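Peer 1: Please build the complete structure, drawing on both the sequences and the hints.
If you want the building blocks of each chain, they are given just below.
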Amino acid sequence: MTVNYKSVFDIIGPIMIGPSSSHTAGACAIGRAANSIFQETPTDIVVHYYESFAQTHKGHGTDYAIISGILGFEPDDSRVPYAIGLARDQGINITFIEEPEDSPINHPNTAIIELSNSKDGKEVTIAGCSIGGGTIEIRGIKMNGFDIKPKGPLPILLVPGSEVDQQNVTDQLSALTKVNEKKQYQSAKGDLFEYDLDRRLKPEEVKELAKNNTNLVYL
Amino acid sequence: MYMSVAELVDAAKKTKKPIYELVIEQEMDTSHNTREEIWDAMGRNLDIMAASVKKGAEGEGVFSKTGLTGGEAVKIKNYRSDKKTLSGDLMMQAVQNAVATNEVNSSMGVICATPTAGSSGTLPGMLFTLKDRLDLTRDQMIQFLFTAGGFGMVLANNAGIAGATGGCQAEVGSASAMGAAAAVEIAGGTPEQSAEALAMAISNLLGLVCDPVAGLVELPCVKRNAIGVGNALIAADMALAGCTNKIPADEVVAAMDKVGKGLPSTLRETGLGGLAATPTGVRMKEKIFGKSVEAKA
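Protein sequences appear in the order of chains A and B. For the first sequence, position 68 matches number 68 in the UniProt record's numbering, and the numbering has no gaps at all. For the second sequence, position 198 matches number 198 in the UniProt record's numbering, and the numbering has no gaps at all.
Everything labelled a hint here was simulated from the structure, so no lab data went into it. Quick caveat: nothing in here was measured; it's all calculated off a predicted structure. Don't be surprised by glycine CBs; every beta carbon is placed ideally from N, CA and C. Each hint can be trusted.
Each pair of labels, with its calculated beta carbon distance range:
1) A:Asp120 to B:Gly59: 48 to 58 Å
2) A:Ala175 to B:Lys17: 24 to 34 Å
3) A:Thr41 to B:Lys65: 21 to 31 Å
4) A:Thr41 to B:Asp135: 49 to 59 Å
Peer 2: The structure is reproduced here in structure tokens:
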């Protein structure tokens, strides 16, 4: 069985601005995942909605929630409802598209986010779904030429570098948590490893890991 | 991690520990946080719940941007003080607390999702009513939330808690079941009785559809939390009286998962079926999202 809800605070929580945990808090979480991967302010944001997200995003505040996450806000930040205006004030172009077909990642609450920066040409695509109560899965990431297809449940750790470079990550992780799955991806730029972790890491634990691997992404 | 109701009940019996204690221990194990950190985090959730129960019933009450919902927690409060209620003051206090919380949610106020925002009124509705009824201390209220959360994890990992995948039974149904099970424990019932309360609460709401008018978490979501809390009180009382569900809790949870998967997508948070598809529901949607509104956005 897939264990998506690993903490009692996934059930009692999050503290959030209403009205919908899957369409607002969850959308914010997908945006935050995109923010963690992109690691800079984009010039252009394109959001593709599917199924329930496509039908009800306006009513649920999904638009501002997703943008607030991309800007790095927490779901209970009082700026959440104003995120679209705040982003446009920074000169960010935002497009929302209601896709008529079924979700390509097979979930009714799907958002696919494309972030780009016209100044440096950086582009990433993140496919996420909101599975209820503010909890999300990330089922697709395109970055740096890698086409990453995680199983979905978080936490996920992405570490660029060769098999040899991964030794210290593996060593450090073994002291912290069980690795449910380790997958290798290849691109013209080298290798990248995806670790599906059994428990959520504390911020200080992620910082410690990042000391040796400055380009890692923790979702 | 406790993956079934039976595992949780068995562990409580074997260790002679309350369920909330097992849930706290599980959280310490998975998060590597201290007991104090975990306890304080739940205390913050409790404070947010207390604030929303209060805010929704103060003054004129709170109103959503669309005007579809709001002000009814205050109506219930006034009715309680002016008239003799039919179902008793305790029941209507629970309904008031639940409606107040969900009106705050619909007005884009701050709430604690339990387990979701759409069902965020059910558990506080229960808890703040039991607080007065049973003279609960702050510590007991926090214990209630851990027990409710522990059962909620089992529901979420086995059947899901999203209206878009399982209908409202997965949201208000889960919240009601969590509240019923936790209420039994705090009232001095056995772990088995908590499981029976959970099973009865879900059984009574099995098949409840998710049909938000205009796709908004307003109609019928706010009042669905009233039935969530009423059902939780009834299921908890029946379990404490010694009634049993006959179908075991874990089988009920599995049935909820199957029923949810069998619901057509029109009844899973698309705003295309049920009350959302009534002539009035459609008119409301057109009024809110008509051309004039889109032009402004």
